[in-house]
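Engineer: Sequence:
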Amino acid sequence: MTINKLKNPVFLVGCMRSGTTMFAGLLGSHPNIIHCPFELRRVWSREAGVPMAAPKTLDFKCPHLTEKDVKPGQREKLSRAFLKEMRKNKENKNIKNSLFLNKNPHLGNKLPFVNELFPDAKFIWIYRDMPSVAASLKKILNRDVIHYWPRKINPETVRCWECFFNGIPNHVDSDRCFPGGDVKYLAEYWYETNRAISNFSKSITSDRIFLIKEEELVDQPEKIYAKCLEFLGLPAVLPLPLLKQINPNRNELWSKRLSKEEINSLFNFVMEKGENLNFIFPEDNLFDKYKQQLYSSLGKEDEI
152 MTINKLKNPV FLVGCMRSGT TMFAGLLGSH PNIIHCPFEL RRVWSREAGV
202 PMAAPKTLDF KCPHLTEKDV KPGQREKLSR AFLKEMRKNK ENKNIKNSLF
252 LNKNPHLGNK LPFVNELFPD AKFIWIYRDM PSVAASLKKI LNRDVIHYWP
302 RKINPETVRC WECFFNGIPN HVDSDRCFPG GDVKYLAEYW YETNRAISNF
352 SKSITSDRIF LIKEEELVDQ PEKIYAKCLE FLGLPAVLPL PLLKQINPNR
402 NELWSKRLSK EEINSLFNFV MEKGENLNFI FPEDNLFDKY KQQLYSSLGK
452 EDEI
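So the sequence shown is numbered by this note's numbering: it starts at 152 and just counts up by one.
These aren't lab readings, by the way, just hints derived from the structure by calculation. Watch out, some of these pointers could steer you wrong.
[Claimed, not checked] Each pair of labels, with its calculated beta carbon distance range:
#1 Arg401 <-> Phe316: 26 to 32 Å
#2 Asp435 <-> Glu242: 23 to 29 Å
#3 Thr217 <-> Gly450: 44 to 50 Å
#4 Asp295 <-> Gly450: 32 to 38 Å
All values reported here derive from a predicted model rather than from experimental measurement. No residue lacks a Cβ here, since even glycine has one placed at the ideal position from N, Cα and C.
Can you make the complete structure from the sequences, with help from the hints?
Structural biologist: Structure (structure tokens):
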């Protein structure tokens with residue numbers, strides 16, 4: 152039987168360096184999930200005309216898209232392309248009995264668009280504490296391509312990274328470019344992306360989105376993984392060797408990767424956002440938590 156229709160796709164989202172790659176690898180080991188790496192940015196860009204800034208796509212921008220931006224034929228083109236990717240990556244799995252998984256942080260500012268394309272989709276949102284994300288981004292955004300955090304022009308627009316492939320243009324603020332930029336823009340990316348995903352999560356039913364706090368995944372990998380499989384309606388086949396490889400200390404490295412000046416920049420960002428930080432995730436008082444955490448790293452906790 153030829154499978155020619157994509158059913159119940161799964162999209163794993165979150166800002167970069169939040170554990171999306173790690174968790175996608177874990178899910179991809181399940182006998183009923185076919186993970187099609189890496190992010191399928193070329194497929195989104197070339198098959199559906201959805202730009203995703205990256206060297207592989209040669210797209211410069213990664214625009215915010217909503218349900219109003221869906222064009223005729225995009226669902227069909229993507230479905231065919233995704234099924235083709237499933238066949239390429241199926242190994243010994245049965246496509247008919249498997250879920251398609253696309254892990255892609257670039258979808259963070261496009262989820263209403265994705266939902267309009269695939270109304271039967273399920274979403275997994277993994278989020279991680281801001282200092283760890285900022286420190287990890289600082290470390291990884293050090294390649295030949297320049298990542299640029301654009302200025303906010305329209306308050307309704309959710310930004311994502313843009314790319315320059317031939318150095319930083321003269322008219323561009325270098326503080327917004329990485330490597331070498333001001334880490335407050337890494338925090339701004341974390342904030343805006345997660346806030347957009349949070350807002351989207353409230354627009355769909357709870358049985359269509361599963362939230363994972365990366366720190367809880369690290370502390371209790373078997374429990375969180377099993378809960379996610381239950382959400383997906385799949386048998387509890389746990390990749391125990393892979394789960395045991397998760398580094399329990401991965402969230403303790405951020406203060407070593409950031410200078411005092413950079414930590415102070417993150418602190419100023421936290422003070423600027425204030426209690427707005429408390430309304431992104433289903434947990435209380437991130438404002439006070441980050442204020443204390445960052446000031447402690449500066450050795451000034453007595454001054455708060």
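Engineer: Just to be sure I understand the hint, the distance between the Cβ atoms of Thr217 and Gly450 should be within 44 to 50 Å; is that true here?
Structural biologist: Between Thr217 and Gly450, where Cβ atoms are some 45 Å apart, the hint holds.
Engineer: Should the hint that Asp295 and Gly450 are 32 to 38 Å apart at their CB atoms be regarded as holding?
Structural biologist: holds, 36 Å
Engineer: Evaluate the given range 23 to 29 Å for the C-beta pair formed by Asp435 and Glu242.
Structural biologist: Cβ of Asp435 to Cβ of Glu242: about 43 Å, so the range 23 to 29 Å is violated.
Engineer: Taking 26 to 32 Å as the hint, is the beta-carbon distance of Arg401 and Phe316 inside that range?
Structural biologist: holds, 31 Å
Violation of the numbered hints given earlier is confined to hint 2; every other hint is satisfied by the structure.
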